[in-house]
Amino acid sequence: MTELDKLTAAVEAADWKTICALQDIPVLGARVVHSAQGDIAVFRNAEDEVFALQDRCAHKAGPLSQGIVHGRQVTCPLHGWKFELASGEAVAPDVGCTRAFEVAVADGQVKLKV
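Take the sequence shown: its letter number 17 is residue 17 in the numbering used here, and every next letter is one higher.
Hints in this document: simulated from the structure, not taken from any laboratory. Bear in mind that the values here come from a model prediction, so they are computed numbers and not experimental data. Idealized CB from N, CA, C, for every residue including glycine. Do not take every clue at face value.
[Said to hold, decoys possible] Calculated cross-link-like contacts (lysine to any residue; reagent style SDA-like; alpha-carbon spacing at most 25 Å):
hint, residue 1, residue 2
1, K113, A100
2, K82, A46
3, K113, P26
4, K60, A36
5, K113, D39
6, K60, K17
7, K82, R72
8, K60, A92
9, K82, Q37
10, K17, K113
11, K113, T75
12, K17, L112
13, K113, Q73
14, K60, E47
15, K82, L22
16, K82, E102
17, K113, R56
18, K113, E47
19, K17, D39
20, K17, A86
21, K17, G38
[Said to hold, decoys possible] Each pair of labels, with its calculated beta carbon distance range:
hint, residue 1, residue 2, range
22, H79, E3, 37 to 45 Å
23, G80, E3, 32 to 40 Å
24, G108, S35, 19 to 27 Å
With the hints as constraints, model all of the structure from the sequences given.
Okay, structure coming up:
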């Protein structure tokens, strides 16, 4: 079994939801998914890595999906707070975090664990 097959089996076995194709998320941008947990911003960086965060800045509740993606971080469009896309942690000197969600790409499809 290849690594891709193992990942695909693990994704299908868990509580994952297919949300879109990878190409549906703009490079250095985001797509918003509406869920029972609130809006979730699904980001794609220049390296085609995909991340998912609650679409709410920990500072003033700004929409992170409208922020600027750079590397593995996003900058809130309201007051410039930066967050790590992998963890949701604010970048120093700011303190706080927003919820991060598990996300995976299998066969070109983006899957979100909700």
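Here is what the structure says about each hint:
| no. | hint | in the structure |
| --- | --- | --- |
| 1 | K113 with A100 | 10 Å, holds |
| 2 | K82 with A46 | 17 Å, holds |
| 3 | K113 with P26 | 20 Å, holds |
| 4 | K60 with A36 | 21 Å, holds |
| 5 | K113 with D39 | 14 Å, holds |
| 6 | K60 with K17 | 29 Å, violated |
| 7 | K82 with R72 | 10 Å, holds |
| 8 | K60 with A92 | 17 Å, holds |
| 9 | K82 with Q37 | 22 Å, holds |
| 10 | K17 with K113 | 6 Å, holds |
| 11 | K113 with T75 | 24 Å, holds |
| 12 | K17 with L112 | 5 Å, holds |
| 13 | K113 with Q73 | 21 Å, holds |
| 14 | K60 with E47 | 29 Å, violated |
| 15 | K82 with L22 | 24 Å, holds |
| 16 | K82 with E102 | 20 Å, holds |
| 17 | K113 with R56 | 18 Å, holds |
| 18 | K113 with E47 | 21 Å, holds |
| 19 | K17 with D39 | 15 Å, holds |
| 20 | K17 with A86 | 19 Å, holds |
| 21 | K17 with G38 | 15 Å, holds |
| 22 | H79 with E3: 37 to 45 Å | 41 Å, holds |
| 23 | G80 with E3: 32 to 40 Å | 39 Å, holds |
| 24 | G108 with S35: 19 to 27 Å | 22 Å, holds |
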